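Chain by chain, the residues:
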Amino acid sequence: MSDFRSPIEDITFTLRHVADLDALAKLEGYEHADPDLIDGLVAEAGRFFDEVVAPTNRDGDTVGTKLNEDGSITTAPGFAAAYGKLVESGWNGIGFPEAYGGGGFPQLLSTAVEEMTTTANMALALGPLLSRGAIEAIMHHGDESQKEIYLQKLVSGEWTGTMNLTEPHAGSDVGALTSKAEPADDGTWRIFGQKIFITWGEHDVADNIVHLVLARTPGSPPGTKGISLFIVPKFLVNDDGTLGERNDLTCVSIEHKLGIHGSPTCVMQYGDNGGAVGYLLGEEHQGMRCMFTMMNNARLGVGVEGVGIAERAYQQALGYAHERTQGRAIGAAPGTESPIIDHPDVQRMLLDMKSTIAAMRGLTYRNAEALDHAHHGADDNARTKGDERAALLTPLSKSWCTDMGVELASIGVQIHGGMGFVEETGAAQHFRDARIAPIYEGTNGIQAIDLAGRKLGMRQGGVVRDHLAEIGATIASLEGVEELESVREQLLLALDALRAATEYLLEVSGSNPSDMLAGAMAYLNMMAITTGGQILADAALSARSLGAEEAEDRAVMARFFAANRLAGVPGLLPAVIAGAGDLSAARGRLLST
Amino acid sequence: MKVVVCVKQIPDPADPGALDPESKTLVRDAKLILDESDSYGVEMALQLVDAAGEGEVHLVSMAPNNETAGLRTALAMGAASATLISDEALKGSDALGTAKVLAAAIARQEPDLVLAATESSDGYTGTVPEQVAALMDLPSVTFAKSVAVDGGAAKVQRQTEAGYDEVECPLPALVSVTAGVVEPRYPSFKGIMAAKSKPVDELDLGGLGIDAGSVGWAGAGQEIVSIADAPAREAGEVIEDEGDAYERIVSFLDDLKVL
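Here the protein sequences come in this chain order: A and B.
When we follow the working numbering, the leftmost residue of the first sequence carries the number -9, and every step to the right adds one.
When we follow the working numbering, the leftmost residue of the second sequence carries the number 5, and every step to the right adds one.
Pulled out of the complex, with its shape left as it was, chain B reads as follows (with noise of 0.2 Å):
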């Protein structure tokens, strides 16, 4: 069985972010690491790929700068290669743009079962994989907390806000996968030291075969029209109990319709 798991390599959320404010877009030309919200898929399917008894985990990303760290985390929890999409005019390329690479690359690996987060960690567009399935002519199933491999079917628990829904499909098809739904492994030093010599497949978008004007900038049907900080959080109120506490307190939260 052979398993592609979408991931991308984000600037470490626990440095400060910044906004280039030509491009309007995230700097990321400091260390990229894996994004945590992709690391259960890789978790998931290696799990998958463990249960089946045979197989593989393949990864594909895109980056614009070549950047190999994230892929080789994901490659030392486990996964066996990765194909990594890099290309000067990929730059600002928006959600649709970014899931005809990520499509174009999967569908070389000829996938069973397609793994992606339902979001990133730094665009939240959370279309992506969606776009992806579309694009590859694929079924999409989306919020899934368990995923197991049945034959040629995936049967997925689907996460809804009442509890889940038991989904089936036919395989190849897309799947993403909530974030904490299952514990991703820390590599261990063998497998950092094993994922050195694993294969990463480095191509740009005429390797792919993408014309370069359908994506990045040059291709985006998305604007940033303006940016701004996000405001700075404000002090909360103090409410000092003179006998009616309980009473402010309630209608605080009433206001915030949380009751």
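Just chain A, with the same shape it has in the complex (with noise of 0.2 Å):
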């Protein structure tokens, strides 16, 4: 066992006083969410992935993967196993239909179990997270057959799924991806091409591997207009289900990464000997909707990420402080060390980290919740709703949480001091492991012109809006709550602040849009900033109801984010709005090479 544990107070306390798991539960077919019924499964879920993932952690940054003269892959030690009872346990398929086999639980319930399996290990994890963007992806599009082949064995995890989108110059413009996909007689398809940067594209984990691969078929269209989606399956399947002729497609080499050294990230190579056979996903040309599917929802998978290897980091981190003796703190008798921990700068970097991540949390569960009204909500208002606010938080969650993963997982390195740059502790490896969550799934850059450049202009302006005035409305809930009078203080600035920068955007956005994209990711962080100081500020007035220690805990949280977090989103204004004046100036001479 390592020493980790699941946070599940955090997680319970989250899933129902930030975001409401209960108001779920009356929905239309999650009547099975009931309350104890959800103690009880995050309960033994966090066991499950304490005792039984959480120890491959450190043999899969050590250890790493190996990729074999035959193609083949080892994955780092204790892996299989583990995923293999990952397999046996369900988590895996806790969100999805019932009719495929899984739990038909509300996705806030599965980001929770996400949430957990990244914490105990990310790079395992990374496996499953591409495997659900399979699943979605099949669910949507596919045609009946399809779905009986391959949902059930992608939803229990004796299959895997990945995508395959990006060739070496495809990487953010995936239209211009050269990946040919030829017509064969019996209504099948032969691809040819390679992908790179595939995630769990090739190991030894599970029984079959579900490419989703994205080409071109015979005179298609330049552009993302001419692309197409097709499953491409490591084993094709036999018509009675099982497993059959291993398809032309090999893992031709693996990357030396900075970090997640447990997964497998692959160079795919498909139809060197004939062509692989494809399945045609949906409709001709119409891959770049499919791939959105697969897109969104692992865009908040990745911003979960984010959350997940802050609250690894802070463990570890934690723990150190109340080891590592050093010092002698304020008041401690003479002559003794003090643990760091008792230091206040230390005490700073913790709280900071535990306080930013209850804010991240409390956003990528409500952006769950979202989803879940978007899909089951009880009429067309509350679905379309649902949809509009998943459609604006999922940037803030994948751009905010994961930059925040990397920076609270620097500062559980700090709290280490010359340990922490030291490969043993582990601390660094959180720190490597979380550094390319903000580039995958679309770069946390992308995710600023996502947000600026079309969410932003959802019903003119009004889906933004009506996110502001739920954040004006906690400001005047906390109205006369004494002890939260800082957080209304900080609250109301940022929010001023975020309308004004908003009022810029929507005025420039059709006029100049480089002034738009300059100001774009400092106008994320300030609307993330601000939605996370919201939900801390949410989630110390719901506390006040449960006693006075978690009334206290989570006002200290709210008070301390709002002072060292929300306090700085008045100062990112002058960033959104300063255009791109300077930015083309430097493009002449200052940035020249």
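Just to be clear, a hint being listed does not mean it is correct.
Think about it this way: if two alpha-carbon atoms lie no more than 30 Å apart in a straight line, the pair counts; the simulated DSBU-like pairs of lysine-lysine are [said to hold, decoys possible]:
no., chain 1, residue 1, chain 2, residue 2
1, A, 215, A, 137
2, A, 247, A, 170
3, B, 261, B, 35
4, A, 375, A, 16
5, B, 194, A, 16
6, B, 35, A, 16
7, B, 95, B, 35
8, B, 6, B, 202
9, B, 6, B, 159
10, A, 215, A, 170
11, A, 75, B, 95
12, A, 75, A, 170
13, B, 261, A, 75
14, A, 16, A, 56
15, A, 16, A, 137
16, B, 194, A, 75
17, B, 159, B, 149
18, A, 215, A, 75
19, A, 75, B, 6
20, A, 215, A, 375
21, B, 35, A, 75
22, B, 202, B, 35
23, B, 261, B, 149
24, B, 200, A, 16
25, B, 28, A, 75
26, A, 56, A, 215
27, B, 200, B, 35
28, B, 95, B, 200
29, B, 159, A, 137
30, B, 6, B, 194
31, B, 35, B, 194
32, A, 16, B, 202
33, A, 137, A, 375
No wet-lab data here; the hints were simulated from the structure.
It should be emphasised that the depicted structure is a prediction, and the values quoted were computed from it without experimental measurement.
Got two chains here, each in a separate frame; can you build the complex from them with the hints?
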């Protein structure tokens, strides 16, 4: 067993008092999500991930993944066994429909399970994360026979899924891809090309791998309009569901990476021996639409990775701060050495981690909750609202939570002092593992463009204004609550600045897109941090009815976050409204090579 | 085949425990969990029923406050049903008092085999299973590392200091299972959902036909005279090598009588 323990109390608090799981349980289709059962599920899931998955995290980093000469991959010690138990336990499928063997629970709950999976072992958790994208794509775009062949096995985790988008010259610009799909006589397709950065593209933990591959069909228009999505299984599936012939695809190399060493990142070669058999998913030229079905799910999942990795870094730093003695804290007996947790600056760092993680967890859980309302809301209005809210929160979850994942893991290293820079303590692993999350599933820069360029314009700014009004409602609820007065003040200042930034961007987005793009990232951070402040304020307000200790702890976190992070929001406004003038000026000389 | 497993629900050992200075017993008002040492018996019972191809596993537990969280864990692992005995009058029960209650509850099930842990992880008396066997007039086999059922007999490998004994005894019998001999399964989420609707028969002493005066504080033949905190761990001795470190280490180990 590792020292790590899933933060069950924080997770159940967030499920119930930041998001509203009890309200979800009243919706049609979620009646079985009653509070007692959910508590039991979260506790048992936590025990499973603590005892079975978390102990594999270190070997994943130090031993990593090995590519064998025959193109097979040996995953890190313990991975295959832990994954096998994960399949047995069924946690993978908890959020998927019962018709496919899942639990039919709200995505809010499956998000909590995803967090625990990631906190236990981020590299291992990536396998199921990618499978979820494949499941979503097949569920929404597959025909009945495709659903029947693939969904049960993917939901159970007996097979895993991948997303094959990137090619050497087609990364963020997916439209530049050149992989080809040629029609065969029997209605299937033959796939040719090379894909890079394919997470869990090859491995030894499951029997089959269902690759979802973007490729161009003959005569298709250039750019994203000409892309189609194909199901390309590692082993072809016989009519009776058993595995047949090996398909014409191989892993030709794996990447040596800064972090997530336990996750095989593969270069996949398709069609070197006559063409890999592929099956069109959805309609021809609709590949981008299908891909976004995978992506939207995965973007929230990656945001959750930021939460999980920060939690793991926090627990490790907290443990170290209690053990490590150094210097004499104020008030300690002369001649003694104090544990470093007694020093205010270390307390500051730890409380920064603790409170920011609470805000991040709240943001991602509310995002998942919005998706649940989008799919299961009581009426059209509720579903539309949920859909809009999820669309708005997704770039915030993905970008801010992953940026914070890196920053907080870095603080975790800092708390370890010199020992944090030494690999032995393991603090550095979290920092390295965290670094990928701002990059993949749409870089954080792309998230900012998504927010300012697409989400801001929804209902002519109405969706964002609704969200700001909700923050205003929280501020109104804080009125007269003495212990949260400083939170109210900072939230008010942040909201004013965020409103100004919003109106500015709405104004320039039509007339001057460069100005809009230049301020997009600062704007995303303004909105995410303000939303984080709102979440901690809501949590502190809810906790007032939950006993003195809970109330005090939540108030402390809300106040600390307000003073240390929320207070910085108005300082970001100048960066939003500066426009692109200096950037284009710098492009001439300052940024020349 | 019906296998009854005795399970105890205890305070989570990962949380700092506390003793009540009044009653001198463990504070048990927080949420209770399944005692890990009982999870081996549950697993073994499930495997035995699987091997037999028929039958079911029934749990018997005694808890002062109607707690079922730990029972639900064992039900989620696959046990079919449970009996929980809760009664205010059970507070302060000693090992024999506990055994009387368990024996009465087990007898109602008419089991083919009763499994128990060798001892609980919070009380550590290690005497309850044998007392239950005596009260029920069943053969008792202790410290099992493996159990097989063959016809009307249990074949048990019984752990000893030197290795193990092979013991065979007629059924019904009571066997205590050593911790760590099987790998307890983790409940699947479907198991957890199913456990919610599995029957837990909640009884009090009256329902069990036991006189309240014979158990609890009233019936306890044992008295806790005093309690004290465990001594804090002291710093170890650091041996600096001045050429004779090995001799000092050997003599240190010799003093401990581990050589």
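Consistency of the hints with the structure:
no.	hint	in the structure
1	A:215 with A:137	holds, 25 Å
2	A:247 with A:170	holds, 28 Å
3	B:261 with B:35	violated, 42 Å
4	A:375 with A:16	holds, 17 Å
5	B:194 with A:16	holds, 21 Å
6	B:35 with A:16	holds, 27 Å
7	B:95 with B:35	holds, 17 Å
8	B:6 with B:202	holds, 16 Å
9	B:6 with B:159	holds, 16 Å
10	A:215 with A:170	holds, 14 Å
11	A:75 with B:95	violated, 39 Å
12	A:75 with A:170	violated, 38 Å
13	B:261 with A:75	violated, 43 Å
14	A:16 with A:56	violated, 48 Å
15	A:16 with A:137	holds, 29 Å
16	B:194 with A:75	holds, 14 Å
17	B:159 with B:149	holds, 11 Å
18	A:215 with A:75	violated, 42 Å
19	A:75 with B:6	holds, 28 Å
20	A:215 with A:375	holds, 29 Å
21	B:35 with A:75	holds, 27 Å
22	B:202 with B:35	holds, 20 Å
23	B:261 with B:149	holds, 28 Å
24	B:200 with A:16	holds, 19 Å
25	B:28 with A:75	violated, 42 Å
26	A:56 with A:215	violated, 37 Å
27	B:200 with B:35	holds, 17 Å
28	B:95 with B:200	holds, 27 Å
29	B:159 with A:137	violated, 49 Å
30	B:6 with B:194	holds, 23 Å
31	B:35 with B:194	holds, 23 Å
32	A:16 with B:202	holds, 23 Å
33	A:137 with A:375	holds, 29 Å
Comparing the model with each earlier hint shows violations of hints 3, 11, 12, 13, 14, 18, 25, 26 and 29; every other hint is respected.
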